[in-house]
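**Student:** Chain by chain, the residues run as shown.
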Amino acid sequence: MYRDIFKRFVKRKPSIYGGTILILFLLMALIGPFLVKYEPTAQDLHNVHAGISRDHLLGTDYLGRDLLSRVVYGARISMFISFAGVAMGSIIGILLGLISGYYGGVVDNLISRLLEIMLAFPGLLIAIFIVAILGTGTFNTMIAISFYVVPSLARIVRSSVISIKNNEYVQVCDVFGASRFRILFKHVLPNSLSLLIVNVTHSLGIALLTASSLSFLGLGVQPPYAEWGAMLSSAREALRINPIEALAPGVAITLVVLSFSVIGDGLSDALDPRLKNS
Amino acid sequence: MIKYAIKRILQVIPVLILVSFIVFTLVRLIPGDPVRTLLGEDVPIEVIQATRERLGLDQPVFKQYIIWVKNIFNGDFGTSFSYKQPVLTLIAERYPATIILATGAIIVSIIFGILFGIIAALCHNTPIDYIFTTVAMLAISTPGFFFAMLMVLLFAITLKLLPSVGLKTPTHYILPILTLGFQQIGMMTRMTRTTMLDVLNQDYIRTAKASGVPPSVMLLSNALKNTLIPLTTIVALRFGGLLAGAVLIEKVFSIHGMGMLLVEAVSYRDYPVIQATILLFSLIFILVTLVADLCYGLVDPRISVK
Numbered sequence: 000m001y002r003d004i005f006k007r008f009v010k011r012k013p014s015i016y017g018g019t020i021l022i023l024f025l026l027m028a029l030i031g032p033f034l035v036k037y038e039p040t041a042q043d044l045h046n047v048h049a050g051i052s053r054d055h056l057l058g059t060d061y062l063g064r065d066l067l068s069r070v071v072y073g074a075r076i077s078m079f080i081s082f083a084g085v086a087m088g089s090i091i092g093i094l095l096g097l098i099s100g101y102y103g104g105v106v107d108n109l110i111s112r113l114l115e116i117m118l119a120f121p122g123l124l125i126a127i128f129i130v131a132i133l134g135t136g137t138f139n140t141m142i143a144i145s146f147y148v149v150p151s152l153a154r155i156v157r158s159s160v161i162s163i164k165n166n167e168y169v170q171v172c173d174v175f176g177a178s179r180f181r182i183l184f185k186h187v188l189p190n191s192l193s194l195l196i197v198n199v200t201h202s203l204g205i206a207l208l209t210a211s212s213l214s215f216l217g218l219g220v221q222p223p224y225a226e227w228g229a230m231l232s233s234a235r236e237a238l239r240i241n242p243i244e245a246l247a248p249g250v251a252i253t254l255v256v257l258s259f260s261v262i263g264d265g266l267s268d269a270l271d272p273r274l275k276n277s
Numbered sequence: 000m001i002k003y004a005i006k007r008i009l010q011v012i013p014v015l016i017l018v019s020f021i022v023f024t025l026v027r028l029i030p031g032d033p034v035r036t037l038l039g040e041d042v043p044i045e046v047i048q049a050t051r052e053r054l055g056l057d058q059p060v061f062k063q064y065i066i067w068v069k070n071i072f073n074g075d076f077g078t079s080f081s082y083k084q085p086v087l088t089l090i091a092e093r094y095p096a097t098i099i100l101a102t103g104a105i106i107v108s109i110i111f112g113i114l115f116g117i118i119a120a121l122c123h124n125t126p127i128d129y130i131f132t133t134v135a136m137l138a139i140s141t142p143g144f145f146f147a148m149l150m151v152l153l154f155a156i157t158l159k160l161l162p163s164v165g166l167k168t169p170t171h172y173i174l175p176i177l178t179l180g181f182q183q184i185g186m187m188t189r190m191t192r193t194t195m196l197d198v199l200n201q202d203y204i205r206t207a208k209a210s211g212v213p214p215s216v217m218l219l220s221n222a223l224k225n226t227l228i229p230l231t232t233i234v235a236l237r238f239g240g241l242l243a244g245a246v247l248i249e250k251v252f253s254i255h256g257m258g259m260l261l262v263e264a265v266s267y268r269d270y271p272v273i274q275a276t277i278l279l280f281s282l283i284f285i286l287v288t289l290v291a292d293l294c295y296g297l298v299d300p301r302i303s304v305k
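Read top to bottom, the protein sequences are chains A and B.
Going by numbering that gives the first Met the number 0, the first residue of the first sequence is number 0, and it counts up by one from there.
Going by numbering that gives the first Met the number 0, the first residue of the second sequence is number 0, and it counts up by one from there.
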């Protein structure tokens, strides 16, 4: 079964491109920091806004920090934040969806209203809202991002729970004395797995976009850490004299977000061939 | 229809109450004492006590909420900690820029997005279709603030055609509106393309084709009309995203709009301003969604009957 899915996935050319880009960036995040010459925070005030040279392959920023090292370390920070944020949000979203769908009634009503309101707000505004309460910083950025994922996942799980819980085989499990926990996690959840995987993949891209937007506004990851959005923020001042400072992190964000959405589309085709509509 | 409209308008009330309550509790969630944040650390205890009473913070939480809502209805959103001005004055100064940007961007995105989407759908599976879908995908994936900087680099710095700082003259609006609209054009193109392809596969289109209706008439009167109906809600829902996008665009172009006001307020922990801007943003979303639903009921009578 997994082989079939994989075959269908690689049959689409964009999926292969997206997958390759993502693997390259993941490698960059994992082993890149061991390969670069400079520390991402090492300043060289005699050599600020330097252009491309053999010493600094992408030049330096306003504090003379090596841009290549910063982009490479930025891959680690930016991707870690989006993976961790989406993971946290997914767990909460899945749990809320299970509770809401399985118990129904007042609980369901309350959770559904809350999710509707969360869905009505753009992700970035919710993130700003959370940062307003918790304050800025790397960990708080993750929490802020996780909120975005909760409502969409919760709704997927909720609707699949509702459609499955009245099936005979679930009732049989109930009669045979299986615990609610077991029914939910062994029988209900796997049924919505493919939708969940597709949604999580798309969310990873949006999470990266939201995290870098927050940092760009100065509300996310704080200096001196190398985060792509924060790098763009400081590059704004130097756009006139050294545009590569903005181009390098900007292209990196765009490529990673693009690869996540392409992979998401590919997975959605591969996991559920019936849903082939776009 | 009137019955549907009334029902839909009444539904807004509980949502408004819930949202306002969430925004209100924001201040209660902040670690630390809001009065100390307001007055600073070394203020005599009597002053703090007096301020607490003046702000109604010695009352039970539910009563405080009522007072807060009552003040809002009287146009009193409190005083900004950092600007030392009434919040309402600040917002009145800042919101026109943001609304103009968002409205301009939505008009741009409707015109170009629907046009490109229709072209892509009509040229389904041809190179033209691939070009439009690829560009749309790129538009969605590029962070708005990065695209804005690229536009500044190209049009303001390299070609020296357009200004890129502030909103002094009408030409100052061109770059921010275009950049804000770009991402939305991508989304609209994709949505229109998918909806149009769906419509083109329907039986009534086949019937129209078979009975010899000229392709241009069929497209304009049958296909386009049915494509636009689902798009009305999408446009309204995108408006929220546009306001969020405006926050980033305002920073790139140094525009003093609502977005920058919110970001500054969050950086300075200026809670009255945060509360008011978030409340205003949510009010706009709720109203826009309401209008979209009502329009939807108007163009598609099946909705209001249900």
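None of these hints come from the bench; they were simulated from the model.
Treat the hints loosely; a few may be bogus.
Claimed, not checked - Restraint-style ranges between C-beta atoms, simulated for each label pair:
1) V290(B) x R53(A): 29 to 35 Å
2) Y168(A) x P214(B): 48 to 54 Å
3) K208(B) x D271(A): 40 to 46 Å
4) E236(A) x L38(B): 31 to 37 Å
5) K62(B) x F184(A): 25 to 31 Å
6) L56(A) x P95(B): 41 to 47 Å
7) V174(A) x I16(B): 40 to 46 Å
Glycine residues also receive a C-beta, built at the ideal position from the N, C-alpha and C atoms.
**Student:** Falls inside 31 to 37 Å, the C-beta gap from E236(A) to L38(B)?
**Tutor:** holds, 35 Å
**Student:** Is the gap between the beta carbons of K62(B) and F184(A) within 25 to 31 Å?
**Tutor:** violated, 44 Å
**Student:** Evaluate the given range 48 to 54 Å for the C-beta pair formed by Y168(A) and P214(B).
**Tutor:** Since the Cβ atoms of Y168(A) and P214(B) sit about 51 Å apart, the hinted range of 48 to 54 Å holds.
**Student:** Is it true that L56(A) and P95(B) lie within 41 to 47 Å of each other by Cβ?
**Tutor:** Holds - the Cβ-Cβ distance for L56(A) and P95(B), about 46 Å, lies within 41 to 47 Å.
**Student:** Given a hint of 29 to 35 Å, does the C-beta separation of V290(B) and R53(A) actually sit inside it?
**Tutor:** The hint (29 to 35 Å, Cβ to Cβ) is violated, given that V290(B) and R53(A) are roughly 59 Å apart.
**Student:** Given the range 40 to 46 Å, decide if the beta-carbon distance of V174(A) to I16(B) lies inside it.
**Tutor:** holds, 43 Å
**Student:** Falls inside 40 to 46 Å, the C-beta gap from K208(B) to D271(A)?
**Tutor:** violated, 31 Å
Going down the numbered hints, you'll see the structure goes against 1, 3, 5, while the others check out.
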